[in-house]
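Use the sequences and the hints to build the structure in full.
At position 85 of the sequence shown the residue is numbered 94 (my numbering), and the sequence of numbers has no breaks.
Treat each hint with caution, since some may be false.
[Stated by the list, open to error] Listed below are the simulated DSBU-like cross-link pairs for lysine-lysine, each with C-alpha atoms no more than 30 Å apart in a straight line:
no.	residue 1	residue 2
1	K16	K74
2	K101	K80
3	K16	K80
Bear in mind the hints are in silico, worked out from the structure with no lab data behind them.
Please read all numbers here as calculations on a predicted model, not as lab measurements.
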Amino acid sequence: MAVRLFKLSNVPDDEAEDVRLLLSEHEVSFYETHAGGFGIGTPAIWLHDDEQFERASALIDSYQKQRYEEKHAEYESLREEGRHTTFLDIFKQHPVLVIVFLLVSLFILYASLSPFLNFGK
Numbered sequence: 010m011a012v013r014l015f016k017l018s019n020v021p022d023d024e025a026e027d028v029r030l031l032l033s034e035h036e037v038s039f040y041e042t043h044a045g046g047f048g049i050g051t052p053a054i055w056l057h058d059d060e061q062f063e064r065a066s067a068l069i070d071s072y073q074k075q076r077y078e079e080k081h082a083e084y085e086s087l088r089e090e091g092r093h094t095t096f097l098d099i100f101k102q103h104p105v106l107v108i109v110f111l112l113v114s115l116f117i118l119y120a121s122l123s124p125f126l127n128f129g130k
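Below is the structure:
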């Protein structure tokens, strides 16, 4: 019976491609589902044979640990060099967009809380 191995929601394309390549290299039989035209499906990698689940999970776990260490080291080196992206950098690059997002967020917060703030009046 098929079993879901790896959800692809919010997974970077390079990570998804690495997982596909890793499974192919280790001859794990899998298939992939997509979110569909309306985006309501579950994008994931599924195994044809659930007996391969433990081995495939171990492969992905070790890959993700390695990826985390690499990305964390990359971030730390950028931070030490002063080249990592901060909120101030984003504000300098796109000030209007940041202000619009902040105003929209404040409006949503106001619209959500105003019924409770005016409840006793």
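A quick look at each hint next to the structure:
1. K16 to K74: holds (17 Å)
2. K101 to K80: holds (25 Å)
3. K16 to K80: Given pair K16, K80 holds - Cα atoms ~20 Å apart, limit 30 Å.
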